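Enquirer: Could you build the full structure based on these sequences and the hints that come with them?
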Amino acid sequence: MRTALPLLAANLSLLSEAQRIINLSGRDWTLTGSDGNVSSVPAQVPSQQYLDLQAAGVVGNTLYGDNDVNQIWVEKSNWTYMSGSLSTLKSGNASQTYLVFEGLDTFASISFCNESIGTTNNQFRQYIFDITSILSSCEGEPRLAIDFGSASTITQTLGHQANITGNNAQDNIAGPGNWAATCSPDSLYSCRIWARKEQNDFGWDWSPSLAPAGPWLPIYAIQLNDQNPTYINNALVDIYRQGQMPNLSPDQGKPWVFNVSLDCTGTIPYGAGLRLTLKDATTHKTVLQTNLENVNSSIETITGSTIVNQSSVDLWWPVGMGDQKLYSASIDIVHDGNCIASVERRVGFRTIVLNLSRISAEQVAQGLLPGANWNFEVNGHVFYAKGSNFVPPSPFWPSVNQTHMQQLFNLVTEGNQNMLRVWSSGAYLPDWIYHMADEMGILLWSEFEFSDAVYPNTSEYLANYEAEAYYQVRRVNYHPSLALWAGGNELETMILGGYPDGNSTFFLEQYRQIQEELLIKCVYANSHSISYIPSSTYNGYLSLNFSSVEPQLPRYDNKSSPEALYLDSDYYNYDASIAFNLSTYPIGRFADEFGFISMPSLPSWQDVAPPADLYMESPTVIHHNRHFGSDLPANATIAEQSLAGIEQMTTAVKMWYPTPNLSDSVANFSAWIYSTQVFQASFYQHQIAVYRRGSGLPNRQLGSLYWQLEDLWVAPTWASIESNNRQKILYYTAKDIYSPVIVYAYYNISNYDLQVWVTSDLWEAVRGTVEYEWIDWSGKKLSVLSNGTSGSTSAAFTVGPINSTQVLNWPSAKEILRSGGLNTSDAILRVNISATGEERHQQYTHEYYFHPAALNEVPLQDPNLLLTHTGCSGCVDFTVTAQDAVAAWVWLEIPTNAVLGYWSDNGFWMNKGESRTVRFKVWKDWTAGKWVDTVTVRSMWNNTLS
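Residue numbers (the working numbering): 112 to 1057.
Check each hint, because a few of them may be wrong.
Claimed, not checked - When the alpha-carbon atoms are kept at most 25 Å apart in a straight line, the in silico DSS-like pairs for lysine-lysine are as follows: (1) K670 - K765; (2) K892 - K925; (3) K436 - K390; (4) K436 - K396; (5) K765 - K925; (6) K390 - K365; (7) K891 - K925; (8) K1023 - K891; (9) K1032 - K892.
Claimed, not checked - The calculated label-pair distances, taken between Cβ atoms and stated as ranges, are: (10) T981 - T904: 33 to 39 Å; (11) H395 - N172: 42 to 48 Å; (12) S671 - E958: 40 to 46 Å; (13) N172 - T394: 42 to 48 Å; (14) H395 - I689: 57 to 63 Å.
Everything labelled a hint here was simulated from the structure, so no lab data went into it. Bear in mind that the values here come from a model prediction, so they are computed numbers and not experimental data. Using N, Cα and C, we set each Cβ at its ideal position, and we do this for glycine too.
Expert: Below, the structure written as C-alpha cells:
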C-alpha cells in the first residue's frame, strides 16, 4: 500500500509562507520510458519506476512468480519523471530559488525549464541546486525533468572500465580478484560496488534483483528573500555529557552539553545568533529557553552550544529499562532580534556507548576470560542487547508506510527485543522511522552502506562517500534511539580471512582508507555522543587517539593470549546434523548474526504463486529462493544452486522431525512449511539460550541479534516476520527465549550431561523456585533418579543481575534414564520457574520442555487438541486444550491473509490436560469477522498423518 500524497496540481503545497518552502511531492507527475517502450503515464513523487508502472497497469505485480525476470526491461531502461507546471514559483517576491532533492535513486540528470541544472550519482545524499537565474529567464511553463539511467547498466560500464584500466594498487580501483570488480551482466549481484545505491537492490540471498530508479524521497522548492535569507537543510544536534568523547564511557555526574550545528542554504547574516527553546514533548511545558553560546558561522553552517543541568531533564531509556522521555527542541537562527529560520527536533537525553575496553585485572580475578569487553552501556548501565537484524521492509522504499512500520516495531517490542541492527547495505532509515524507535525505546545499531566487498577508492569515490556519511551522521544524530555507527557489514573478518583470493594486503589498505580513516572522521567530527566501529564484526582497537588520521589503532588478529576474547560472533551453519550440538556455537562476547532459512506461510505463497506451484520444489519456490547451496560444480545452473539451498531445509526436517507425507498436495506443502519453521525456531532457540547463558560465564556474553527480523518479499529466508508482517514460528520462540528470566536445559551430546540453568537480564537479583518433572509422551509422570530423588520435585535459586546460574544437573542423563528402564525417546523433561525481583518485586515465570531424542524417533501421540474462542474488543481469545497427550510445537494459524494481526503466544508445548488461552490482536480484518471460524490448530503429531 502506498501512502496517499496531496495533489500537486495548481496548488503547490506551501509548508512555510515566510520562506515559501514548497513541497513538490504529489501526483501531478508523469513517467516516460526514454527508450520509447513506455509513453507518458501518470506518476507521483516520491516513487520509483516499478510502482508507477504498476499503478498505471503497464506491468503486473513485480514480486509475483518470476515477474522480476520478465520485467528485466524495466531495470534496464532509462526513465524520465516530469513535473506538472511549476508556474507558482514565479509569483511572490523571492530573490533566490533552490530545488532540494532529499533522495534521487541513483544516476540522474536534472533539467528545469529545459536547461540542465546538474547530475547525481548517490542515492543517499541530499542535492541542492540554485535555479534563480533559470527561473527568471524561463519563458514557457516551468517544469522539472529528472532523467534516471539504468543503475545495473551504468555500474557494469563503470566496472568494465575499471578492469580495463588495470588491476593493481596504484590504479586505485576495486582490486584484483574482487568478484564485484570483475562484474558481468550475468553476475548475480551485478556490479553493485560501483553505485552508491542500496546494495541489495542488485539482489541478495533474501532479495530479488530489481535495481529500481526514481525520486525515492521528497523534492522541495525553496524561495528566499531579504527578510528570510536562509533555509536550514540539515541540522546536527549532539547531546552529551560534559567532557564526553566517542567510544568512551562518560562521567554520568556531569551536566549535559546541547550542541547545535545547522547547515544552511542561502545567506547567514553577519552577527546571527542561535536561540533554543526546550519543551517537554508530552506536557509542552518549557524546560529551558536560552541563547546559545560560542556561536560561530561560515557561509553554509552556524554552530552554538549551551549547558543543560541534569536536574532540568529526565533520562531517555530503551524499552524495558525505563521511560522514553522526549523533549521538543526549537532552534532559531536570529538576526536583529528576528527569527529568520527555525528547525525543530524531538530529542532525548541519554548516553549510549559500545564498551570495547580491555578486560581489567579485577574482571579476570572475577573469572572473566582476558581480552576486551564487547557490550553496550546506556546511561552508565551495562545491559543485555536482545534483538535481530533489520533489512529493508520492501524492495521499493516509497511504498513503505507508517502503518506497516508501526506494526513491525510493535512486534519488536512485544517480542522482548530492545535493539535492531540496521544492516548495510540497505538504506539509511528516514527520520520518521527513527522517531518511532525514539517513542518505543528501540535502539538502532546503524551502519554505513558498505557490505561484503571492497569498494572503489578513487578520489572521486572517496569524496562521494564523505559527503554521504557527513550528511547522514548530522541528520540522525539527535535521535536517542541511535545506538552505534558501524562502517559496514562483516568487512574486517572477511578481509583478515583472506577474502577473496588471499590478496589481503591490497584489500586491507582500501578497508583502512575508507572504514578506518574516512568514515570514522565523519562520525568523530560531528558527534561526541555515539560510538563507531569500522566493521560489524570487529576485534576492537589497541588504543584511541582522536587527533590521529586513524583514531582507532586496530587490533586485527593481535591477541594478548590464545584464550583472549575480542571479536563479536557472526555464525552460520547449514549442516543440520550438528544443529543442536551446543559445542559448535561460537564462544564470544556478543552475537550479531546467526540463523537458518525457513519457508514463509502458505497464504503468503498463495499471494505470489499459481495453485500448481504450491509444493516445495516448484518453479516459483525455486525461483524465489536466493539462498544457494555450497560445494556445487562450477557449471551448476541457478535452479540447481537454488535446489541445493532448499535441500538444506528439507534435510533438516527429515533428520529431526516426522516427514510430512499427506495425500493432499497443498496440505502437504503447508506441513513442510510448518516443519521448516519449527526447525528454524528450535535452532535459534538453542543458540539464543546458549548466548544468554554466557552472561554468567567467563566469556561474559552480552548480546544476541539474530538474522533476520523481517522479509521484503515471499521467499525462503532467515526472517522471523514475513513481508506483510505475518509472523513465523521463530518470532514467538524468540519472544519466549528473550523473556527477562528464562529456564533452559543444556544437553551435552558427547557425554550426555544435562544441565538446567536460569538466566536473567534484569538489573536486579531474582530469587525463585524451579519445578521439574519427567513425563512420557502420554503425559504420564516418570521416576527418574536425580541426586537421590525421583519424580516431580523443586529447587530454590538466586540469579544475580545480568547473570546465569545452574539449578539442576543430571550427569550422563542417558544412563540415568536407562537405569530406570527408559530410552531417551521415552522421556521429556518439563521445567518451569517462578521468580521475584529483589528490588521491584515483579513476578517472572518461564517454562521449557526438553526431549533428548529427535522428534522423528519418539512415540508421538495424538494430543486431540480442542480449540474454542471468545470475542474481545479488537481481538479474539482462543483456548487450546491438549486433551489426550503431550503436544509438541502447537501452532495456531489463520489460513488467509484477509486478516492481519498477531498472537500473544504461539508455537508452544503443552502437557496432557493443559489448557492455554492466547489472544489474537487484530490489525486489519477484510472478512467482517468470519476469519474466526477458519483458525486451525496443529502440533508435530500432525506430521505423522497421511
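Enquirer: Please name the hints from earlier in the document that this structure breaks, with their numbers sorted from lowest to highest.
Expert: Hints 1 and 9 contradicted; others consistent.
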